[in-house]
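**Q** Whenever a hint applies, use it, and build me the whole structure from the sequences.
Chains as they are written, first to last, in the numbering used here: chain A, 1 to 324; chain B, 1 to 284; chain C, 1 to 268.
Hints were generated in silico from the structure; no laboratory data involved.
Heads up, a few of these hints could be off.
[To be verified] Straight-line C-alpha distance at most 30 Å; calculated BS3-like pairs for lysine-lysine:
#1 C:K122 to C:K211
#2 C:K112 to B:K177
#3 A:K44 to B:K177
#4 C:K157 to C:K202
#5 A:K200 to B:K2
#6 B:K177 to C:K129
#7 B:K277 to C:K157
[To be verified] Just some of the chain B residues that point at chain A, by a computed CB distance under 7 Å:
#8 C8
#9 V81
#10 V100
#11 C178
#12 T233
#13 G258
#14 Y273
#15 Y274
[As the list claims (entries may be wrong)] Pulled a few chain A residues facing chain C out of the computed Cβ check, cut under 7 Å:
#16 I38
#17 W39
#18 R40
#19 P41
#20 R42
Glycine is no exception: its CB is placed at the ideal position from the N, C-alpha and C atoms.
Listed below are the residues making up each chain.
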Amino acid sequence: MASMDDMPKSMSKSVTLKTGTANLGDSHIEHKAISRAIWRPRPKRRWLAGRIFFLLTLLSTLIGLISLIFLLESILGQGWDRVSWEFVSSFPSRIASRAGIKAALVGSLYLTGLVALIAIPLGVGAAVYLEEFAADTRLRRMIDVNIANLAGVPSIVYGMLGLMVFVRICAFGHSLLAGACTMSLLILPVIIVTAREALKTVPMGVRLAALGLGATRWQAVRAHVLPTAMPGILTGVILSLSRAVGETAPLLMIGALSYMAFVPESPMDDFTVLPIQIFNWSARPQDEFRVAAAAGIIVLLGVLLTVNACAIFARMRFQRKMQW
Amino acid sequence: MKKLLFACALFCILITLGIVLVLLSEAVLFFEEVPLLDFITGTIWAPMFEPKSFGVLPLVCGTFLITCGAAIIGLPSGLGVGLFLNDFAPNWLRSIIKPVLEILAGIPTVVYGYFALTVVTPLLQRMSPSVEVFNAASAAMVVGVMVLPMVASLCDDAIRAVPRSIKEAGYALGATKCEVALQVTVPSALSGIVASFILAISRAFGETMAVTLAAGSTPKLTLNPFESVQTLTAYIAQVSTGDTPQGSLEYKSIFAVGMLLLVVTLFFNMLAYYLVKRFRTVTE
Amino acid sequence: MVTGNTNMSGNGQRSFDPSPPYALEARDVNVSYGTSRAVLDVNLKIPEHTIVALIGPSGCGKSTLLRSFNRMNDFVRGAKVTGEILFRDSNIYDKAADPVLLRRQIGMVFQKPNPFPTSIRKNITWGPKINGYQGDYAALVETSLRRAALWDEVSGKLDESGLALSGGQQQRLCIARAIAMDPDVILMDEPCSALDPSSTLKIENLLLELKERFTIVIVTHNMQQARRVSDYTAFMYQGELVEFGPTDGVFETPQQELTRDYVSGRFG
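**A** Okay, here's the thing in structure tokens:
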């Protein structure tokens, strides 16, 4: 059995507060039990470990920052001179210097619009049901797990689904509609998850107040909960739409064209989108096409930036309205 | 109205069912012609040449190579960013780093592919001439950077959720910041951190565009990162961009490969899902 | 045990000087968070091997003062401390002072029990390990747990999680964890506020034993507790130290009207 006196007392007191001052605590030793156990705090070594730790985490952070700068710098450097009104307003061409992205740009905008029409009602609807109406049953838990899984399914697998269901079974062909449906499925989980998060932040009091006035559950949601959650939902929706703008693999699967000399006019028309065009140009060995790809990327990033700026703007507007 | 909303929610289950049914129906046809065992254990993937051979291991190997490379780059640095944000970054720096991460996360994958092919690969080639034009290393590097923001923001959340009181207990015992971070905070947030790692691995595993562009299309059993390889996803993309007739064995093979892809990512995602759930119950 | 000189100044204010040696000495300490000032010009001498209670209504700055004794305020963004706090004859806010070494010598027990989410044994050995304790760890664990009056309850399950213990046991584990570092001073921030009466009683008895070896500064909102355990009591109000003296004196013959009103339960 260890006795009380086993507690180390002597050496600990030689640990001094100020570096370089020796044994300030000597006077304390006398009235405390002395033991032979030793403390070796090694402050220098620990200080060094702390510095290394700091530098490593700093380095990790810099990896992200530097990659971004490097990426943007090299793309702007290669493609900036190629971006022009002519580039935006011409169709692709076999001659690299004449190739443009008109069809792809229009296709991307069309597709995003269609995806918004399909995915937003479905996604927000599902989120509202799961957050506001669903009881905590097995079915709901199943849907929860299911959504978490769907969010992790590789995008190309959605492409295979789209290829079979929309292109073949529904016979939409390689059309804009088939692309939009496929893309909607892809971003649906993201919309649901973010919309649910937004609904969760609405205080319970908002619902109770409405219900207390005799509103039905749906009336309460429609008139009070949804407007309160709107900024959050909107942000999530736009983030997922910007994912749809940049996604390539599923559209590659369903057979979006890589060479298109006309602008799609109806949802049943063939189409191409910016990322596909970029992919196609990047994959060619000629340098001129790679320059065109870089220019295409600049336009794509510009579109994404605009979409995100819209998100921020819309969110700010909504929030201001809420305050009034 | 409630029924309509319910239908929306149910739709998600339909998507899952759809995915499974579509993949299964074609994969079954494929496995009628190619035995499952040959598919899983075969070491030669040659769908275009006679005699056709459908041993998936070369594709798995390529995928593995790139996933590992991406994990080596993306996971530690993602965790590092999470720790930096929590322990060192003052508020103003945090408000710069967070948006940068969001921008990185929002860059389309095809852009990363372009970057790997036209910037990273030439850089690697300058360092060593034996590097092939298409190589696993450059693809792995950009996929690593691609998953970094996701790991960083999930780790940041997990680390932030560690109760302040536990960290304070560490400091009050005379621990340095580094000791508290590595020996108190990280173990407490471990399941959240591991979940973020698994999600990142799953994402790297299913990534298509960057690897299709940068890693090439040569199915090969190799662990040399400077050679051209082909991943599961790149094979699917390759077949779908070619003119493979519907109903051919080659066409059916992409569904078998897709099935494999789905099973593996599903496994990773379920694992991460339950880890996160457990983590929530621990911290609350 | 309770010794010192009381000096009556002209305006009737009583300043009290306990006999040296002092474990901690605060000189003109001010603590502010941004623009709000939490502690104002506090002068306080804490004698060795005593229990000093800091009492006062919530928000009076007693916890803030306590946390400035081991520089835990360093982790609060915007917190600023001026003045001097002497520990072993040097100012802990000196530029050359190392807060990590300081905290190793001044232990702390928090309001809510906060054991690490790991085994009981590791809860105790972690601090000594990182600070380079070279002795026998099994003995250290036993001694610390015995001193915290927890050994008999947990000796058979040292490798079980500390979180599986009851609230009172968790708090004693936290005390054992602090003791294992063999500090000079233990700071306690309302250590019983989250506990039931019987656990509270156990911890109070424990404190009386611990003061043989350690100096204890305890913040409490419970005046009876301050009376039961402390040798000296400091009453704070709105950031200022209103009265400091031997506990009996402060409670029975308070010199300030504010103190009298507070200890008699008229506010707070």
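**Q** The structure should be examined with respect to each hint, and the outcome stated for every one.
**A** Outcome of the hint check:
1. C:K122 to C:K211: holds (25 Å)
2. C:K112 to B:K177: holds (22 Å)
3. A:K44 to B:K177: Distance ~14 Å between K44 of chain A and K177 of chain B Cα, so the pair holds.
4. C:K157 to C:K202: Holds. K157 of chain C to K202 of chain C sits at ~21 Å (cutoff 30 Å).
5. A:K200 to B:K2: holds (19 Å)
6. B:K177 to C:K129: OK: K177 of chain B and K129 of chain C at ~15 Å, within 30 Å.
7. B:K277 to C:K157: Judged against 30 Å, a Cα distance of about 28 Å means the pair holds.
8. C8: Nearest chain A Cβ about 3 Å off; hint holds.
9. V81: Nearest chain A Cβ about 5 Å off; hint holds.
10. V100: holds (6 Å)
11. C178: holds (4 Å)
12. T233: holds (5 Å)
13. G258: For G258 of chain B, the interface hint holds, since the closest Cβ of chain A sits about 5 Å away, which is under 7 Å.
14. Y273: holds (5 Å)
15. Y274: Interface hint status for Y274 of chain B: violated (9 Å vs cutoff 7 Å).
16. I38: holds (4 Å)
17. W39: holds (6 Å)
18. R40: Where the cut-off is 7 Å and the nearest Cβ of chain C is about 4 Å from R40 of chain A, the hint holds.
19. P41: Holds, about 5 Å.
20. R42: holds (5 Å)
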